[in-house]
Amino acid sequence: SQQGEEDPQALSIQEGENATMNCSYKTSINNLQWYRQNSGRGLVHLILIRSNEREKHSGRLRVTLDTSKKSSSLLITASRAADTASYFCATVIMDTGRRALTFGSGTRLQVQP
Amino acid sequence: DAGVTQSPTHLIKTRGQHVTLRCSPISGHKSVSWYQQVLGQGPQFIFQYYEKEERGRGNFPDRFSARQFPNYSSELNVNALLLGDSALYLCASSLRDTNTEAFFGQGTRLTVV
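Top line first, the protein sequences correspond to chains A and B.
Position one of the first sequence corresponds to residue 1 (the working numbering), numbered consecutively onward.
Position one of the second sequence corresponds to residue 1 (the working numbering), numbered consecutively onward.
There may be inaccurate statements among the hints.
[Unchecked claim] Computed, partial: chain B to chain A, Cβ under 8 Å:
| hint | residue |
| --- | --- |
| 1 | GLY42 |
| 2 | PRO43 |
| 3 | GLY58 |
| 4 | LEU88 |
| 5 | ALA102 |
[Unchecked claim] Cβ pair distances, simulated, as ranges:
| hint | chain 1 | residue 1 | chain 2 | residue 2 | range |
| --- | --- | --- | --- | --- | --- |
| 6 | B | ARG63 | A | ASN52 | 38 to 44 Å |
| 7 | B | PRO61 | A | GLU55 | 39 to 45 Å |
| 8 | A | GLY40 | B | ARG96 | 27 to 33 Å |
| 9 | B | PRO61 | A | GLN112 | 40 to 46 Å |
| 10 | B | ARG15 | A | ASN18 | 44 to 50 Å |
| 11 | B | GLY16 | A | SER68 | 48 to 54 Å |
| 12 | B | GLU53 | A | THR77 | 40 to 46 Å |
No lab work stands behind these hints, which were simulated from the structure alone.
A virtual CB, placed ideally from N, CA and C, is assigned to each residue, including glycine.
My request is simple: use the sequences and hints to build the entire structure.
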């Protein structure tokens with residue numbers, strides 16, 4: 001079963017615009033990570049935010065985490081055509097001995113040049 | 001430095017057959033995880049190995065098995081293939097456990113006919 005669910009499922013914007021995608025999860029987490037996947041290839045790690053952090057930046061990426069609402073958002077500023085990809089949030093769950101990433105279903109981002 | 005390498009990249013098998021997928025982690029990484037990604041969905045956790053021991057298993061039937069070798073490379077085996085096993089199989093390595101970022105290979109695209 002999916003721990004996280006991304007919203008929206010698909011997003012189409014123009015180059016230069018900002019893209020915001022959201023992730024909700026169900027159980028307490030240790031950390032939350034965002035990954036990018038191009039055309040069904042391998043996933044690339046973008047950013048990790050720990051449960052005691054509220055906001056994190058990396059270049060054009062900004063991630064927020066609200067543990068009270070069990071949600072996170074990924075903001076890509078000044079988007080480029082090369083940002084076209086699927087974006088997934090993934091959580092590491094606290095209450096199991098299993099240390100695995102649990103992924104959502106992803107947001108497919110299309111950046112029009 | 002070489003990233004995570006997986007072989008083969010593509011594979012076509014017939015129902016009922018057996019398949020072995022291989023993964024070499026990044027040098028120095030001791031944790032290897034396997035994920036199955038069906039088209040249009042997020043990756044689903046199958047197995048995690050750390051220091052050659054199984055640390056976690058996802059909700060997959062016993063037809064799925066894996067192991068990790070002394071050099072930390074890993075194999076995923078699937079017996080009695082079903083059409084529903086058609087998917088992208090991803091291997092990820094990390095230094096320790098999944099509190100650190102995971103580095104994914106490009107995957108093996110398995111098609112069962």
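Going through the hints against the structure:
1. GLY42: Check passed: Cβ of GLY42 of chain B comes within 3 Å of chain A, closer than 8 Å.
2. PRO43: holds, 5 Å
3. GLY58: holds, 7 Å
4. LEU88: Where the cut-off is 8 Å and the nearest Cβ of chain A is about 6 Å from LEU88 of chain B, the hint holds.
5. ALA102: Result: holds, 6 Å to nearest chain A Cβ.
6. B:ARG63 with A:ASN52: 38 to 44 Å: Once the Cβ atoms are compared, 40 Å apart, the range 38 to 44 Å for ASN52 of chain A and ARG63 of chain B holds.
7. B:PRO61 with A:GLU55: 39 to 45 Å: Since the Cβ atoms of PRO61 of chain B and GLU55 of chain A sit about 41 Å apart, the hinted range of 39 to 45 Å holds.
8. A:GLY40 with B:ARG96: 27 to 33 Å: holds, 28 Å
9. B:PRO61 with A:GLN112: 40 to 46 Å: Since the Cβ atoms of PRO61 of chain B and GLN112 of chain A sit about 43 Å apart, the hinted range of 40 to 46 Å holds.
10. B:ARG15 with A:ASN18: 44 to 50 Å: holds, 47 Å
11. B:GLY16 with A:SER68: 48 to 54 Å: Holds, since GLY16 of chain B and SER68 of chain A (Cβ atoms, about 50 Å apart) stay within the stated range.
12. B:GLU53 with A:THR77: 40 to 46 Å: Hint holds: Cβ distance 43 Å, inside 40 to 46 Å.
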